Amino acid sequence: MKTKSKFSNAKQAIVWVAFLSLIAFTSCDSSKTEVSAAFFQAGKPIDAATTGGAVKGTMLTGVTYRISTDLIVNEGDTLVIQPGVKIYMGAADPAKNGGNSVTNLIVRGTLLSLGTKEKPIYFTVENQAKTDTPGAAVTDANGVVDPAYKGLWGGILGDSKTKLMVIKWTHVEFGCGKLAASPVSGITSGNPAYMISFVNPLGVFILEDSWVYGGVDDPIRIQGGMFNVMRNTFEKGGLFGGESLNIKSGCVGNYAYNVTIGSATNGPKVSNKGSNALQATAYMYNNTIINSGYRRDKPGRGGSLNFEEGAKGLAFNNIVVNCKYGLRILTADKGSSSQYSNNPLSPADFVSPNITYGNNLYYVDNVDLANQIYPVESGTGIPTGANADIPNFTTLGIAITSTFPLSKSVVTIYDGTKAVQASGTNPLFKTFTLPVTKPSDIAYATGFDFNLQVGSPAIGKGFTGFSPINTAKDPTTGTVLTIPVSANFGATVLTGPNKDLGAYPTDGSGNKH
Amino acid sequence: MQRYLLLTFFFLTTLSAIASNLKGVVSDKTTGEPLVGATVYLKNTSYGTAVGLDGSFVLKNIPSGSYSVIISLVGYKSIEMSVNVVEGKDLEFNLSMDENTNELSEIIVRGVADQESDLSVRRVEQRSEIVMNVMSAKSIQLLPDLTVGNILQRVSGVSITRNSSGDGQYAIIRGMDKRYSYTLVNGVKIPSPDSKNRYVPLDIFPADLLERLEVIKALTPNMEGDAIGGAMNMIMKSAPSSLAISATLAGGYSNILTANRPFAGFSTSNLSAKSPEELYGPRYAAKPADFGVSQLQYTNNSMPINSTMSFSIGNRIWKDKLGFVVAASYQNIYRGTNSIFYTLNQPKPDPEPNTYLFSELQIRQFNTLQNRLGLHSKLDYSIDKNNKISGYNLFVKLDESQHRNYYDPANVVSDVHDRSRYTTQKIYTSSLRGDHSIFPKLKLDWTIAYSNATSNTPAWSDMAVRYTFNPDGSLVSKELTDFSQQWTNNSDNDKTSYLNLSYQLKSNLDISAGGFARFKNRDNIRDSYVLNPVTGNRFTTIEKSNFFLIDPYTNISDPNNYTAKESVFAYYIQGKYSLAEKLQLIGGLRVENTNLEWHSQLSILKPGRDGNKIYANPLPSLNVKYSLTPRQNLRASYYKALSRPSFFEVIPIELSGDNWTDSGNPLLNAATADNYDARYEFFGRGNDQVLAGVFYKNIQNAIEYTFANTTVSSGNVSPNNTGTAINYGLELVLSKSIRNFGVNANYTYTNSSITTLKKVFYRIDANNTSNRDENQTRPLQGQSNHIANVSFIYKNSKLGFDAQLSWVFTGRRINFVSPYKDLDYWQRDFSQVDFSCEKRLWKKFQFFVKITNLLDAPLIIEVVRTNTINADQPGQDSRNSIVVQKDEFHQTFLTGLRFKL
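Respectively, the protein sequence lines represent chains C and R. For the first sequence, the numbering used here assigns the number 1 to the initial residue and increments by one for each residue that follows. For the second sequence, the numbering used here assigns the number 1001 to the initial residue and increments by one for each residue that follows.
The following block holds chain C by itself, in its conformation from the complex:
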């Protein structure tokens, strides 16, 4: 009996082990993940009948293209646009997809949009007129929104592998529509597209002699890459917020000889927010920035040129007319933050050579603006660069009257009354009358000429002691990045600072519009 019982125990044990091994076996090696692949289509040569899809090749002079679904340039492919091409981007159709459908040009490869002064290229919406009238509000009396801010199509959207985007003599208008489901990195679904988005830190973005009109959020945002943005005109940028060029960490380049008028917030803004290893660096010089900062209703958000979150660079020779703020230098996220004692700006960012500035001309028609033209530093004395600016802080007899933190009052760290219409501050544009009573009334450039009249105080006041930036080295990988100079594959020329201020120096080397 005993033997039998032992035997049966052993038998049971064997069956038991065998069974366990069996289920253990059946359960192994079956782990897998399957995800739907991204829609892919080999790029077809583009022709006049193309309305969307993956394309490559050349868009030909004289041809008008009507694009109704996303146009995609695959990685490795190039799309060349010849002078004079008109591209009508399909307008958002509210009846489709709950009003979310916008058309984009998605560039994963290379885009060369090569217009000329005589034959510019257009990215626009067919039969859409501009409503550029003085004093027009964002919405008219019937609540109809100015088409500039409607986001009638999406944007020219780079992706994380986009090598090169060269846009010359090109009109980009009426874009920034809401991306229901974002097709690219760097924009979240449900947010407005940027009219131009560039996100590859190893890529190059060139924008020259072009016109960017309208926008819902930033007309252009670059989140990585070398950039050269020169001699462009930005009008009506952003609805209730948006910069002509919003520059994030991993971007290094120049922003010069541009005109910004009626931007919701700033002209150029550079912030080192983000996790790219390369510190955001922008050289902002010889720009003319007018009537900006008024559609951004949150205070402390700037209105002309802006450095924040540990970005670096320089700001010289700019003409700033009736903008809500002068140059602002902040490292905290929001304007208000710098007002907390000891949660302040990084002191190093005010020290040369991280951010240097001066020789900027400020013209203002009222004291609220005048109180905000000089960049103020936490509780210290005269702003470092302010005595090189026009008007000169000390010569005007302005003094710092309070230090941070301020109580509940407007930011009056000094009394700017003496800077209002100060003598020698009217830049004397050829056709743009100053003073004005309400700067936000004019947000467009059509009909104005921002060249300088003879005798303008902006002539001969420029600082020329630096060169444009053209190279950067990634501190982690050691990769050296450069801005190529080339007629078709890079910047036409890297123009340095001028002895005159603003986008239109008298030697004609600046803005050609």
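Some hints here could point you the wrong way.
To be verified - Here are the computed distance ranges between Cβ atoms for each label pair:
hint, chain 1, residue 1, chain 2, residue 2, range
1, C, THR139, R, THR1299, 29 to 39 angstroms
2, C, VAL144, R, SER1294, 24 to 34 angstroms
3, R, LEU1585, C, LYS32, 28 to 38 angstroms
It is worth saying that the hints were derived from the structure and are not from the lab. Here the structure is a predicted model, which means the values were calculated and not measured. The beta-carbon is built from N, C-alpha and C at its ideal position, and this holds for glycine as well.
Keeping the supplied structure of chain C fixed, place chain R upon it in accordance with the hints.
Coordinates of chain R only, in the frame set by chain C:
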């Protein structure tokens, strides 16, 4: 039900003793347990008392003479005996009572033992095959806690994370964060109403529906395997042996809400449960008239009254074949929180790497009205001796209307923000179970269960009014800025069938096998709109403001919209082997096969819009229990467990935030862990107990959030399997009673570590800054080195008076793991003292008082770095840390009446 009533037998003994004090101990004849609450009195006199927590009693200063002593307790045969008291001499005797089991069939015996008593749960712990801690309904009733979330902090090894009202919401078991545990109701896992995660908010469950709360810390093969931390099992009230009715009614208030700091709430009665898009279709262009503003109209209530009520009735009818219990619980609680909150910003490289930076200071006030409803019914029917069917239904609902107000005191132009959020969370679970003895040795049970968890937010509105001031402080203007309204609807339902077979192979060997299949469907919808104020209007009140919509369409491709299906098939084989009565082994293998499928709103131009993950986890386990003596156990166990990624974590959707972009990771795998436990248990008389245990966990593929290697400058933070984490510790539980005084104490030491890559912003040289990834080793999120509970209990059965003073200590721990190195958010040591008591008024009525947070402990979250913010900033109190959040709740009071038949 007369025959269940006490049958009295007279047990006559004569003792020739002369004494003036009568002392003694009363215990159960078979188990030797002290019979707490048994009454001892001298017949035809006013002398009488009740047996204390340790089973002892004293009758003092009895005049000389002959008496008849009667000792009685429900469920026991009464004892009557004669004593002779002589002046100057004490009399001491020990008595044991027999259980009154006459005429009670097997089924009914189960009902007779009071399942809700402490004693009963000690037996559950003692007899359990696995390592667990149990809290009885009797203990819960005496606690000041109204929800399961708060109760859990009293359990050994468990700490809680709190919601903005300060109530416990999620449990951290042995330092393992909420994602590592699951929640059961009567053994059936329930889904979560959360829009993205699996863990169930425990503040939904009212405490008074519980029969007991089990925290299970080691698994057997027949239990679901995703419990690296453990499992919480809410055992709901079951049918009593005879008619039982109980009811409570209570009122109280939250001390923080006063005339100076009133409750500013809003009406929820006119809110549309559906968005314009849900009402009129996806192509509908919304008009201003489609949006209500009543949720943004606030009315003050200086001292709102909280109320709670509950009712329960149960009985056993039809020759005791059918038992039922129906219970309802309702709570209407106003809570207030005053908070200082610094919002996170990207750190700066100077003066030292990763110097802390905030972006905004917010002085916040929360006004929260919680309306909690719980309904539950349980039926059991004995078809015959071998077949029993039971049905169970639970419905719990938490309506929470929360108004959050904040402003930034240092801002020169002050925006006053108001957010109203009204959320209804519901969990419904229904199950039918059968227990069958097919042959004497073969038993079978099955369960089919349906559970549905939903969350619906009919109003979620944010608005801000901008105050602009003159330099002299006078107001320039008040303007309304854009405001948003959104609706969310989530549902998660499970259909599960369980089957278990158990066969007694030998008298000391049971083999069981079984499994379950669960089909889950999850749906998440979010609709949002922005309303733009017509400019030029000065703000007076919200209802007088005019709006228009620049974008009248909701985004039907909102990244928060997704559906997921998950099927889990699990099967196991388990053996239970007893060796020489003292040694019990339970072990076997379980296999869980998971198939998760998702459909998201990602662009078709990106990979991962749809996907599925299939994985299988073999989960062996072995539990050994060795009974040193009838009162002492030694336990050792090993089990393998897993933790599944949440439904949303695997979808590669990107959601941009202020400082980084959150994104999903389809390659994320389930974490698995090897868990080892050893425990010594001593069960003394009554509730006396000593438990001492150690545990060790090795977690592979732990899921942590880190910066992904992406190129876009915003940077993506995504969940990743970040290698191995170690977590070990020890637990001590001590319960001791001396006469009417008792103390319950537990202490848990936990130590865990994990190393992950984190971002560091640093300066390269005078001209350049950069950032890079560096390793940081730290404890797991939620793990405190020390957690402890001490309760002092006074129980006077004679007076019908119970009182308890409870202290909960949660040692410092990481509440939020920052993706930036050394900037984790730590919750400081938190210590709370609560008091509660109850007093019998008349025979069946009790009066009770519950007071929480006697010492007004604030909850403080800090970044442990040299303080770079000025000491005069709100909340700052140390040079060595930066306070980033400070919440104050003050006390709550509740008093009421309980009726029990």
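For each hint, the structure was consulted:
no., hint, result
1, C:THR139 - R:THR1299: 29 to 39 angstroms, "holds, 33 angstroms"
2, C:VAL144 - R:SER1294: 24 to 34 angstroms, "holds, 29 angstroms"
3, R:LEU1585 - C:LYS32: 28 to 38 angstroms, "holds, 36 angstroms"
Against the hints set out earlier in the document, no violation occurs for any number.
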